[in-house]
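Those protein sequence lines, which keep their order, are chains A and B.
Position in the first sequence (from 1) plus 2 gives the number in the numbering used here.
Position in the second sequence (from 1) plus 896 gives the number in the numbering used here.
No wet-lab data here; the hints were simulated from the structure.
Quick caveat: nothing in here was measured; it's all calculated off a predicted structure.
Keep in mind that a hint or two might mislead.
Label pairs and their computed distance ranges (CB to CB) [as the list claims (entries may be wrong)]:
#, chain 1, residue 1, chain 2, residue 2, range
1, B, G1094, A, L65, 58 to 64 Å
2, B, P969, A, G136, 41 to 47 Å
3, B, S1040, A, G52, 28 to 34 Å
4, B, G1141, A, A173, 28 to 34 Å
5, A, L65, B, S1014, 52 to 58 Å
What the simulated footprint calls covered on chain A by chain B, stretch by stretch (three residues with Cβ under 8 Å from a Cβ of chain B suffice, anywhere in the stretch; the number is not a length) [claimed, not checked]:
#, region
6, 89 to 98
7, 110 to 117
Just so it is clear, CB atoms sit at the ideal spot from N, CA and C, and this is done for glycine as well.
As a plain string of letters, each chain reads:
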Amino acid sequence: MAAAVVTRPLVAIRGVSQRFGADGAGVLALDAIDLDIPDGQFVSVVGPSGCGKSTLLSLVAGLRAPSSGAVLCDGEPITAPMPRKVGVIFQEANLLPWLSAIDNVAFPLKLRRVPKGERLEAAARMLALTGLAGFESRLPHQLSGGMKQRVAIARGLVQNPAVLLMDEPFASLDEQTRMVLGDELLRIWSETRKTVLFVTHSLNEAVYLADRVVVLSARPGRVVDDVAVDLARPRSFAMTSSERFGILKDRIWQHIKHAERR
Amino acid sequence: MRRQERFIVAAGVLGLLGLWEALARLGRLDASLAPAPSTILEALGRLLRRPEVLQSLGVTAWEALAAFVIAVPVGLLIGFTLAEVPGLGGLLRPLVNFLFGVPKSIFLPVFILVFGVSIPQKIAFGVFTTIFVLIMGGIAAVQSVPHALVTVSRVYGATRLQIIREIYLPAMAPILLESARLGMVFNITAVLLCEIYGARDGIGYRIAAWGENLQMPQLYAALVLVAVAAVAVNEALRLVETRLGAWRQRS
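Here chain A stands alone, though its shape is the one from the complex (with noise of 0.2 Å):
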């Protein structure tokens, strides 16, 4: 019975081109994507450098109206911001030096007038949730790399969006902080079930998180391969050198590997 309702995908995306610079003369980024992504889905979105993956996801977050074609979330079209639904990490944590860790991660409710004690209950159960419990009065620049990402994670979560839109969210970070980052965020996905659009320019991070990886060619970008991750979850670092682990990475490398050549 279950099985036979038609779910309708979270995010979808379609036939999304974006084109910039003087109208019709510009360089073409993204060429027709397609994508649908059912609620609750963890999807990767790997590509060779300057295809246009970071462009797709300010698409899905509202920053910019494509050129055509529509992006679709909950059914509704994308035309601006929607705070409530998507919430956005970036490479660089991007906090407010001068508020204190639980003041960022309060900050989306304050833009939405919450009032004061219901925004940084809120607050300080989200730093709870990335494990910061104890830092909330801290200023950024008081705070590691990873901690500030941390903040970063909890902002974007407190609203409760749907989707989680993270573009190469640990991409700054070094090796170590970034796989225990990468697991922490599992950790926190299994618990809350966002649909989550990662973009990422490690592999390893892409196959490791992800329920499928969506791979773009280089400019302009379109959906090359559409991989479906089944690796058993929960995920553990064993499994980085499974040999199943090494055939998915190996399919999407090739892609990747002639469009960096070109």
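With the hints as your guide, set chain B onto chain A.
Chain B only, in chain A's frame:
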């Protein structure tokens, strides 16, 4: 360590004053050029009891304050406009840069021709001297706002007004206060210069008069007075600046 340093500085200043006092009393210094510190202190006490001197101080303070209150908002507004309107900025910034570098004192005769020797003339010249510091400060402040933070707020649904209040203002506050403080230094200098050059009242006018009459104790007492007042204003502004800028990373 810091307390030790302060102690050394204080001891050094006191030592110098002591030496000066001793040399003056021994008649080794020309009393008409360098009266003893105790004489100057005595003169200072007398000055502060003379109503016309207090009134002169009031006139100078009023001129400086009026010029400051006009120059800060107007200068910052011009700076913001130049930074935010790209076409306009490119057109007018060379002119602003040029005027910023020119010594303003050469324009003083023009101000006397236009306004006469008057209080409005002092205020206008103070504004003219100060405003360039604030224009440059306004431009620098806008440019110091990290664009990434604006993007973040947009993603979280901030309106234009919220972006200004929640991102622009706090991000710019330290630079704005710093340029206001620097502007005040320029401002006081400009007003005093005006008064020394030609005026009917004001502490600068008295300083010029005492100097011409070789009334050295009064002259030095007035210098002490002006220096203390200027440093007090400067430090007060710096205190606010440090408070509001505590989030700025120090390494």
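Query raised in the report: Do the Cβ positions of A:L65 and B:S1014 conform to the proposed distance bound of 52 to 58 Å?
Result: holds, 56 Å
Query raised in the report: Has the region 110 to 117 of chain A got at least three residues whose CB is nearer than 8 Å to a CB belonging to chain B?
Result: holds (count 4)
Query raised in the report: So does B:S1040 sit 28 to 34 Å from A:G52, Cβ to Cβ?
Result: holds, 29 Å
Query raised in the report: Regarding B:G1141 and A:A173, is the given constraint of 28 to 34 Å on their beta-carbon distance met?
Result: With Cβ atoms ~30 Å apart, the hint holds.
Query raised in the report: According to a criterion of three or more residues whose C-beta lies within less than 8 Å of a C-beta of chain B, is the region 89 to 98 of chain A covered?
Result: holds (count 5)
Query raised in the report: That 41 to 47 Å hint for B:P969 and A:G136 (C-beta), does it hold up?
Result: The hinted range 41 to 47 Å holds for B:P969 and A:G136, with Cβ atoms some 43 Å apart.
Requested in this report: May I ask you to test the hint 58 to 64 Å on the CB atoms belonging to B:G1094 and A:L65?
Outcome: holds, 59 Å
The earlier numbered hints are all upheld by this structure, with none contradicted.
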